[in-house]
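Novice: Mapping to our numbering: the sequence shown position 12 is 12, numbers consecutive.
Since the hints were made in silico from the structure, they are not lab data. Treat the hints with caution; some may be incorrect.
[As the list claims (entries may be wrong)] Simulated DEER-style distance windows between Cβ atoms: (1) K97 - T34: 52 to 62 angstroms; (2) M1 - F23: 44 to 54 angstroms; (3) K26 - E47: 24 to 34 angstroms; (4) E61 - K11: 17 to 27 angstroms; (5) S93 - Q32: 31 to 41 angstroms.
[As the list claims (entries may be wrong)] Capping the alpha-carbon separation at 27 angstroms, the derived lysine-lysine pairs in DSS-like fashion look like this: (6) K54 - K26; (7) K18 - K73; (8) K19 - K73; (9) K60 - K105; (10) K15 - K73; (11) K7 - K26; (12) K26 - K15.
Beta carbons are placed, not taken as given, at the ideal position from N, Cα and C, and that holds for glycine.
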Amino acid sequence: MFAVFGKSYEKAREKALKKTSRFVGKGKNYRQLTDEEYQQALAENTEKLFQQMKPLVLSKEYSSPEICSQFIKLAEKQCYQGLAVKIKAPVQSTDKKGRLRVAAKWVNYVAGNDYTDASKNGGR
């Protein structure tokens with residue numbers, strides 16, 4: 001399965017709305033921000049969160065990377081950034097006791113690679 005990952009300014013704004021306080025100060029200096037001050041603080045927090053954001057799943061899971069490419073063309077017009085196609089492939093890793101584990105994880109898709117062998121898909 002394939003999906004498109006990237007950064008969404010809308011998601012960063014949603015998170016900033018939750019984290020930005022309408023009040024500032026302590027004790028006698030405690031006051032409510034004016035609408036202009038709040039909008040400025042919200043814009044600053046949104047930009048900060050957007051820069052720190054990890055890529056999120058932006059699309060549904062698709063059966064081919066060509067559909068993801070079409071999604072990317074549409075998403076670029078919507079101002080999404082850092083868009084990449086990833087594939088859910090088996091990845092081999094080890095647990096704390098050194099035993100081998102195989103789990104499905106999202107890895108960057110490269111055309112022509114064989115993703116059926118879990119030991120070659122880059123585990124940790």
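Novice: All hints are to be evaluated individually against the structure, with a verdict given for each.
Specialist: Consistency of the hints with the structure:
Taken as a hint, the range 52 to 62 angstroms holds for the pair K97 and T34, whose Cβ atoms sit roughly 58 angstroms apart. Restraint check, M1 to F23: a C-beta distance of roughly 45 angstroms satisfies the suggested window 44 to 54 angstroms. A hinted range of 24 to 34 angstroms holds for the C-beta pair K26 and E47, which are about 26 angstroms apart. A hinted range of 17 to 27 angstroms holds for the C-beta pair E61 and K11, which are about 19 angstroms apart.
The supplied range of 31 to 41 angstroms is broken by S93 and Q32, whose beta-carbon atoms lie about 50 angstroms from each other. Proximity of K54 to K26 is assessed by CA-CA distance (about 33 angstroms); at most 27 angstroms being required, the pair is judged violated. Between K18 and K73, the direct Cα distance comes to roughly 30 angstroms. Violation of the 27 angstroms bound is thereby established for this hinted pair. Restraint check: the Cα-Cα separation between K19 and K73 comes to about 32 angstroms, which exceeds 27 angstroms; the hinted pair is violated.
For a cut-off of 27 angstroms, the pair hint linking K60 to K105 stands: about 15 angstroms separates their Cα positions. Proposed proximity of K15 and K73 is supported: the alpha carbons are some 26 angstroms apart, at most 27 angstroms. Note on K7 and K26: the hinted pairing is violated, with a Cα-Cα distance of about 35 angstroms set against a maximum of 27 angstroms. Of the pairs offered as hints, the one joining K26 and K15 holds, with about 24 angstroms between alpha carbons and a cut-off of 27 angstroms not exceeded.
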